[in-house]
Structure formats: structure tokens, C-alpha cells
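Engineer: Working from the sequences, and respecting the hints, build out all of it.
Here is how the chains run, residue by residue.
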Amino acid sequence: MSMASSDLKSAALMDQMKTHFSTDAGKALIEKIGLVYQINIAPKKMGFNEEIFVVDLKKGEVSKGKYEGGKPDATFSFTDEDFFKIATGKMNPQIAFMRGKMKVKGSLSAAQKFTPDIFPKPSKM
Amino acid sequence: MRERLQEIPTSSLNTSGNNFYSGAGEPLSALPGSELEHPLQHQNSAFVNGFHAANDNRLSEVWDGIQNPQIPQFHPGHPQLQPELNGPPQRVLSSFLHAFVNSSHGGVPFGPTQLPVLGLSEGDKRCIRDRSSIMARHIFADKNEDFINGQVNALLSSLEIDNQALANRPYIPGRNPELEQYWNESQVMAPGPRGPDNWADEFAQNRGPQNDPNAWALSFERQHGTGGWASEFEHEQAQMTSVDRMAGANIPSLAAMEQTRMLAHTLSQNSNPKFQNSKFLQFVSKMSRGELTIEDNQVKPGNGDWANEYQQQYNAGPSSWADQYAHEQVSRGPENWASEFANERVHHGPVDEQWVDEFSKLQVNDWADEFGRQVGEGILGDDSADNWASAYDEYLNEQAVLKQKADSSRGVYEFSDLNPYVGHPDPMREGQELFRKGLLSEAVLALEAEVLKNPDNAEGWRLLGVAHAENDDDQQAIASMMRAQEADPTNLEVLLALGVSHTNELEQQAALKYLYSWLRHHPVYGKIAPPELSDSLYYADVARTFNEAAVMSPEDADVHIVLGVLYNLSREYDRAIEAFQTALKLKPRDYSLWNKLGATQANSVQSADAISAYQQALDLKPNYVRAWANMGISYANQGMYEDSIRYYVRALAMNPKADNAWQYLRISLSCASRNDMMEACDSRNLDVLQKEFPL
Chain A
1 MSMASSDLKS AALMDQMKTH FSTDAGKALI EKIGLVYQIN IAPKKMGFNE
51 EIFVVDLKKG EVSKGKYEGG KPDATFSFTD EDFFKIATGK MNPQIAFMRG
101 KMKVKGSLSA AQKFTPDIFP KPSKM
Chain B
1 MRERLQEIPT SSLNTSGNNF YSGAGEPLSA LPGSELEHPL QHQNSAFVNG
51 FHAANDNRLS EVWDGIQNPQ IPQFHPGHPQ LQPELNGPPQ RVLSSFLHAF
101 VNSSHGGVPF GPTQLPVLGL SEGDKRCIRD RSSIMARHIF ADKNEDFING
151 QVNALLSSLE IDNQALANRP YIPGRNPELE QYWNESQVMA PGPRGPDNWA
201 DEFAQNRGPQ NDPNAWALSF ERQHGTGGWA SEFEHEQAQM TSVDRMAGAN
251 IPSLAAMEQT RMLAHTLSQN SNPKFQNSKF LQFVSKMSRG ELTIEDNQVK
301 PGNGDWANEY QQQYNAGPSS WADQYAHEQV SRGPENWASE FANERVHHGP
351 VDEQWVDEFS KLQVNDWADE FGRQVGEGIL GDDSADNWAS AYDEYLNEQA
401 VLKQKADSSR GVYEFSDLNP YVGHPDPMRE GQELFRKGLL SEAVLALEAE
451 VLKNPDNAEG WRLLGVAHAE NDDDQQAIAS MMRAQEADPT NLEVLLALGV
501 SHTNELEQQA ALKYLYSWLR HHPVYGKIAP PELSDSLYYA DVARTFNEAA
551 VMSPEDADVH IVLGVLYNLS REYDRAIEAF QTALKLKPRD YSLWNKLGAT
601 QANSVQSADA ISAYQQALDL KPNYVRAWAN MGISYANQGM YEDSIRYYVR
651 ALAMNPKADN AWQYLRISLS CASRNDMMEA CDSRNLDVLQ KEFPL
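Order-wise, the sequence lines are chains A and B. Heads up: the first sequence begins at 1 in UniProt numbering, then just goes up one per residue. Heads up: the second sequence begins at 1 in UniProt numbering, then just goes up one per residue.
Please keep in mind that the hints were generated in silico from the structure rather than gathered at the bench. Ideal Cβ positions, reconstructed from N, Cα and C, are used throughout, including at glycine. It cannot be assumed that every hint is accurate.
[Said to hold, decoys possible] The calculated DSSO-like cross-link candidates involving lysine-lysine, where the alpha carbons are at most 27 angstroms apart (straight line), are:
| hint | chain 1 | residue 1 | chain 2 | residue 2 |
| --- | --- | --- | --- | --- |
| 1 | A | K59 | A | K45 |
| 2 | A | K44 | B | K453 |
| 3 | A | K45 | B | K513 |
| 4 | A | K58 | A | K71 |
| 5 | A | K105 | A | K32 |
| 6 | A | K59 | A | K18 |
[To be verified] Partial pick of chain A residues on the chain B-facing surface, computed with a CB cut under 10 angstroms:
| hint | residue |
| --- | --- |
| 7 | L8 |
| 8 | S123 |
| 9 | K124 |
[Unchecked claim] Listing some non-contacts, in silico: residues in chain B with all C-beta distances to chain A over 10 angstroms:
| hint | residue |
| --- | --- |
| 10 | K125 |
| 11 | R544 |
| 12 | S634 |
Structural biologist: See below:
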């Protein structure tokens with residue numbers, strides 16, 4: 001199940017999201033959102049060497065690679081660092097968007113329902 | 001239990017494992033530099049709320065506006081449409097070009113003008129032709145192609161530049177030898193005979209002349225290096241500050257400017273007077289014109305700075321521009337576009353396609369298209385303006401609060417301003433005392449006084465780092481531990497603390513490096529850790545070596561602790577939990593170990609277990625801020641936001657400087673629909689919060 005083969009911080013968050021779907025709080029997200037998002041994460045520079053994750057909030061799954069069930073409802077692009085910042089509440093998505101640090105494709109009404117901070121927060125040792 | 005609280009993390013090496021790690025801190029950096037932005041709109045679960053546009057009868061108007069934009073109303077008028085035609089040729093040209101640029105603000109077509117003889121060289125003319133075509137597509141970006149061509153032709157014919165004839169001639173090399181050299185070198189790698197001078201023509205062949213909206217930007221990149229005459233466009237240059245200054249990073253900036261420009265235009269169609277006057281709209285429109293750029297954490301004025309800087313360079317003589325450019329290329333290292341470009345060429349083959357790919361990946365227009373379409377369909381709500389405006393206001397507030405933080409870079413320790421322990425005869429002892437009593441913030445002050453007095457005191461720095469980590473202040477913890485490591489590069493506790501903090505940060509390679517260093521410098525296990533492994537660390541090798549160590553000394557709690565951290569790194573949480581539990585059998589009263597177990601359980605979504613582990617840690621060390629904050633995280637991840645708020649507030653009451661907890665508190669408040677407390681959170685009013693959320 002692990003995406004540990006990836007060095008990306010985002011991969012760690014995605015792993016955690018994956019297990020999060022087994023909890024009540026995770027299942028509540030499926031109820032609330034019910035859409036499929038593709039998230040493209042670039043290690044350093046937007047658009048380059050992206051690793052692609054699909055957060056399927058219909059089925060409650062996280063998978064690596066492009067979405068194969070048709071067209072995702074929305075696709076986001078980030079750098080690894082920026083996604084980490086947004087998911088942990090350090091960066092406001094709107095500001096990220098204005099700065100060109102977050103790109104959105106697809107239905108904006110679908111994108112509206114997704115806030116990256118729905119990702120569970122990592123705890124600290 | 002009382003005397004256990006008196007324990008202080010030891011600094012002595014103790015291979016029996018007794019109390020060895022009890023205090024090994026675990027700083028976790030808060031990604032310094034990113035704190036400016038907080039989540040602003042969680043209550044709506046809709047970060048794209050701001051994309052909304054007016055949803056009433058003006059929809060079609062907005063849509064039309066996007067399709068066929070008129071002059072945006074928010075452009076301040078620039079009255080100087082009449083160029084000054086007297087004076088030396090340089091001035092006439094300058095004035096004339098300015099008039100051209102300014103014509104974009106008034107929306108008045110730029111008419112052909114009779115000019116005195118300027119004595120432009122062919123090279124100058126070529127430059128002006130190329131440049132103005134590009135520039136026009138930027139400054140008249142809201143106009144159609146015919147209009148733009150008309151404007152450019154008016155300019156060129158006034159200057160007696162033949163648009164077509166020049167277009168077919170080879171490009172005359174500019175005045176930037178570094179760039180030329182670079183370019184020539186880069187061409188060597190190109191497949192086929194591709195001269196330095198005609199790449200633009202080739203590009204045009206490939207893409208069709210100026211039909212691609214990206215072409216002008218691409219050409220602009222190229223033009224940037226070529227010369228001094230462009231100073232005449234300094235005003236417009238300033239608008240493109242981000243492009244010029246950010247070198248390698250310029251492409252996203254350009255995209256951002258494009259996005260904000262379109263956003264500003266659309267928002268300007270919203271006739272709500274409150275919104276029209278909002279600071280946010282002014283902000284967006286300034287951004288869109290490049291008068292403001294956002295770099296790193298700060299909004300920076302584009303215009304003044306850049307123009308001044310440029311003017312200085314320009315006054316200093318024609319060569320200094322090139323020097324400056326070369327200098328920046330050097331100083332920016334891998335950031336600079338040229339070398340980046342070169343690297344990518346090496347890796348990806350033909351240059352033209354590469355550029356094209358790069359630009360097409362930006363999808364500058366996707367968003368606007370999509371936005372326009374959806375606005376047209378009327379599926380978005382009406383509250384956009386307020387959302388964006390309030391987001392911006394909050395952004396400003398946060399910026400003010402966090403300004404000092406933004407200036408500090410990661411790894412630099414920041415001392416408190418007023419420190420009563422400075423001048424204390426023995427601040428080290430005092431700091432240890434305070435730490436034992438659990439008064440972490442006071443201990444921090446005393447230890448700061450110590451390291452100010454004795455900057456090479458590794459133990460002072462180390463304990464300071466531990467105190468910060470327990471106080472959940474990651475940035476400071478890492479900075480302290482790095483100083484400790486400088487003073488004592490082989491201190492095992494410091495190495496472990498750094499390994500832990502980078503693991504917390506999800507920085508796998510750095511964490512692996514420190515954890516392996518721990519093994520290498522260990523008096524017992526060092527011999528099984530081959531030094532050559534340090535050069536290229538693979539997780540599997542490191543894990544195997546640590547497992548060997550655990551077999552060697554199954555009774556050494558420390559090796560199990562490091563193993564636990566290592567398995568956290570690979571996100572093998574079950575193994576990590578097992579390792580920590582083994583260690584806890586050997587060191588049952590190590591509060592930081594209980595916290596490590598809890599954090600691991602929390603990260604593998606075993607929240608109930610995590611909470612009981614944190615409780616153990618807090619029983620042993622009631623002022624353990626990190627454990628309180630972790631409690632909050634566990635409740636929040638279970639969707640129990642009210643509970644999480646109480647724990648965050650508790651943690652913050654003990655250490656108001658724990659920025660992470662403030663960020664998480666904010667998220668929980670909005671998830672719990674407690675927006676009434678948001679202001680207290682933003683103003684960091686703990687009195688109000690504690691009264692509202694007692695634990």
C-alpha cells in the first residue's frame with residue numbers, strides 16, 4: 001500500500017489520506033464531496049517530472065498514476081512543497097492560486113468542493 | 001513520578017540505554033517562509049469561492065467582457081499620449097515609445113506620427129520591431145490581433161521601420177556577450193544546423209507567426225538579454241518585473257500575471273461599489289500590471305524598485321546592464337533560466353519543442369477559459385467579491401503579523417529581544433533548572449543567554465533545541481540543533497534529534513543522512529556501518545544495518561528508537577510502533593518516547609491508541625506542549641473539531657509561539673463552524689479562547 005518509493009512529501013500525505021478513508025472522518029468526506037480529483041505534483045518545478053495521484057472521493061481511494069475511470073472532475077497542479085504547505089494550513093489556496101502556485105483544470109464547481117486541507121494532519125514525533 | 005519529572009535529557013553517552021534519549025528533541029520545522037498564508041475560507045470548504053463572479057443579470061455582460069474585453073475601468077488614466085518630439089534623438093525615441101506604451105491605458109489607437117530623423121541602425125530597428133511586437137501583445141493583451149497589428153504598424157511606420165523586410169533578415173546579435181556565448185554553446189547541442197541568430201525565425205516557422213499567445217512571451221524571454229535600447233521601455237519593463245527579475249522562476253510568474261490580469265478584468269465587471277473600492281481589487285489589478293509581484297512570502301512593489309535599479313544600471317553605462325545580468329546569472333545558480341534551460345536541453349533534446357512544451361504546460365489560458373465558461377453557465381454563486389476581498393484583507397493582516405518571520409530564513413536562530421537572563425552568572429545551570437521544572441519558555445530564555453555568552457556550548461544549544469521541540473516550536477528547534485551539531489558534530493542525541501525533525505518534515509533524504517550518522521558515530525554500532533554507504537544512502541541498506549544493530553544489542557532502547565524513526569520514514573507504521581513499544585519496555589518513563597509512539601499511531605490512523613499514548617506522555621510531563629498539540633491533531637483527524645480546539649488552545653496557552661498550533665486551530669475553528677472565534681484566533685487572543693474553550 002505504501003507510496004514510500006516516492007521521495008515526495010506529498011506522497012506521505014497521500015499515504016495518510018489513503019488510510020484516512022478507513023475512518024469515519026474519512027468516510028464523511030466521501031459523503032460530503034463525492035468527486036474525483038487528480039493531483040499532479042512536481043518535485044521542484046511546476047509541470048516537470050510530475051507524479052500523479054488520484055484522490056477518489058467517490059470510492060474513498062487514493063492511487064498513483066492518471067485517473068483511468070474517465071475524466072477527473074478537477075485536476076490540480078502543485079509543486080511538492082506548495083502542496084505540503086497548503087495541506088498543512090501554512091498556505092492559503094487562494095493566495096497560492098494568485099501566485100500561480102496552484103493550477104486548476106476541469107470543473108471549477110467541482111474544484112470548489114475540494115480544499116487541500118481536508119488531508120489529515122501529520123503528527124510530530 | 002514527581003522525581004521523574006525532574007529528569008533532564010542527558011548529554012552523556014550511556015550505552016546501557018538508561019535514560020539515554022529521554023530528552024532527544026524532535027524539532028519539526030514549520031517550513032519557514034510559508035507562514036504568511038493561512039487557510040482563509042475553510043468555513044465554506046470552497047477555496048475557489050473567489051472564482052465566483054456576479055450571478056445576476058450581468059452574467060452575459062461578464063461573459064462578453066471576457067470574450068471581447070473593453071478598456072478595464074480600473075486602469076488609471078495616463079494622459080501623456082502626446083510624445084515629445086523635440087530634443088536629442090534618444091529623448092524623442094524614448095518619449096515616443098512611452099507614448100506607445102501609454103496608449104494602452106487610454107485605449108486610444110496609436111496613430112502614425114511624423115518624427116525627426118533618429119538615425120536608428122538596422123540593429124536598433126530590428127530590436128524595436130521585435131520588441132514592440134512582443135510588448136504590444138502584452139500591453140494590448142485585451143485587444144484583438146488586428147488592433148495590435150495596427151498599433152505596431154503605426155509605431156514602426158513612424159520610425160520608418162519596415163515590418164516585413166526586416167522580418168526576413170537574420171537577427172543581429174545583441175549586446176550581451178554572456179548570453180550570446182551561452183546561446184552559441186547551447187546551439188552546439190542542437191540537432192541540425194541551428195545558428196544563434198535565427199532561432200526566433202525557426203520558432204516562428206514552427207508555431208506560425210504570432211498566432212500562438214505564448215509566442216510573444218517566448219520571444220520576450222529571448223529579447224530580454226539582448227540589449228540596452230530596451231531601457232526606453234522601462235515603464236513597461238517594470239510591469240514585467242517578475243519576468244525580468246525572477247530568472248528561472250519567471251515562467252510561473254508570467255502565468256500568474258496572466259491569470260491575475262484576467263481575474264482583475266473580470267472582477268472589474270462586478271458593479272458592487274463595495275467591491276469596486278476594495279483593496280483586493282486594487283491589489284489584483286496592480287498584480288496584473290506587474291506593479292506588485294509576489295515573491296517568496298512578500299508582495300513586493302514591482303515598479304519603483306525595479307525602475308530605480310534599472311535606472312542606476314542604465315546610468316552607469318551600457319555595459320553594466322550586461323554585467324548585472326551576468327552577475328545575476330551567476331548568483332542565482334541553478335535558478336537562472338539560462339542554465340536551467342541548458343540542463344533541460346541536455347535532458348530533453350530539441351530546444352524549440354522543449355520551450356513549446358514548457359509553455360503549453362503552463363496552461364495560462366485554461367483557467368480563464370474555464371472560468372469564463374462557467375461564469376457563462378451561471379453555475380457559480382454571487383459572493384465572490386466578498387470572499388476574495390476578505391481573503392486579501394486577511395492576507396494583509398497576516399503579513400503584518402508575520403513580517404519579522406518572513407525575513408528570517410530557515411536554520412537561523414532568532415533570539416528573544418528582552419532577555420532577563422542576560423547577565424545571569426550561570427545561565428546554563430539556570431536553564432537546566434527551569435527545564436527540569438517544566439518551564440519550557442523560561443528555560444529557553446536562560447539557555448539563550450547561555451549560548452549568547454558561550455556560542456560554542458554544544459550542550460547549551462542542544463538543550464535549547466530540546467526545549468523548543470517540546471514547546472512545539474519547530475523552526476527554532478531545528479536552528480538550535482544545527483548550531484549544536486556545528487559545535488559537536490558527532491553528538492548522538494543531536495544527530496537523532498535532527499533525524500527526527502527531518503522525518504517529521506517528511507524530508508526523507510536529510511532524515512536518512514542524520515540517522516545513518518547516528519549509527520556511524522555510535523561507539524558500538526559504528527563498526528557495522530560502512531562509511532562508504534554515507535555517500536549514497538538507500539533506505540533498505542540503512543534499515544538492514546540498524547536491524548543488525550538491534551540484533552547485537554536487543555536490550556539497548558536507543559537502537560529501537562532509531563529503528564522506530566526509520567520505519568516512520570518509510571511509513572511502515574506497524575513496524576515503527578513495534579520498535580517504539582520494544583523501546584518503551586526498556587524505558588517506560590521516557591515521555592518523548594511515548595509521544596513518538598503516539599505520533600506514529602496517529603499517522604497510521606490509530607487515533608484512540610495515539611491519544612492514550614499522548615496521555616502517558618503528559619502524565620510524565622504535564623507541560624509537554626508538543627503532546628498537547630498532537631492531541632489536538634488526533635481529535636481533528638477524527639473529525640472531533642471541538643475537542644481538537646480545546647487541546648490546541650491548551651498547547652498555545654503554554655506556548656503562544658507555537659505557530660503550527662495556531663494554523664491548525666484556525667482550521668479546526670472553521671471546521672467546527674466557530675467563525676465567531678476566528679478573530680480571537682487571528683489576533684492571538686488567548687484570554688478569549690481559553691474562556692471559550694476550557695479543557
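Engineer: Decide, hint by hint, whether the structure agrees.
Structural biologist: Structure-based check of all given hints:
1. A:K59 to A:K45: violated, 31 angstroms
2. A:K44 to B:K453: violated, 40 angstroms
3. A:K45 to B:K513: Status holds; Cα separation ~24 angstroms.
4. A:K58 to A:K71: Distance ~13 angstroms between K58 (chain A) and K71 (chain A) Cα, so the pair holds.
5. A:K105 to A:K32: At roughly 21 angstroms apart (the allowed maximum being 27 angstroms), K32 (chain A) and K105 (chain A) satisfy the hint.
6. A:K59 to A:K18: Measuring from Cα to Cα gives roughly 11 angstroms; hence the hint holds.
7. L8: holds, 8 angstroms
8. S123: Holds. Min distance 4 angstroms.
9. K124: Status holds, d = 5 angstroms.
10. K125: holds, 35 angstroms
11. R544: With a cut-off of 10 angstroms, R544 (chain B) remains clear of chain A, as the shortest Cβ separation is near 15 angstroms.
12. S634: Label violated. Min Cβ-Cβ 7 angstroms, cutoff 10 angstroms.
Against the hints set out earlier in the document, violations occur for numbers 1, 2, 12.
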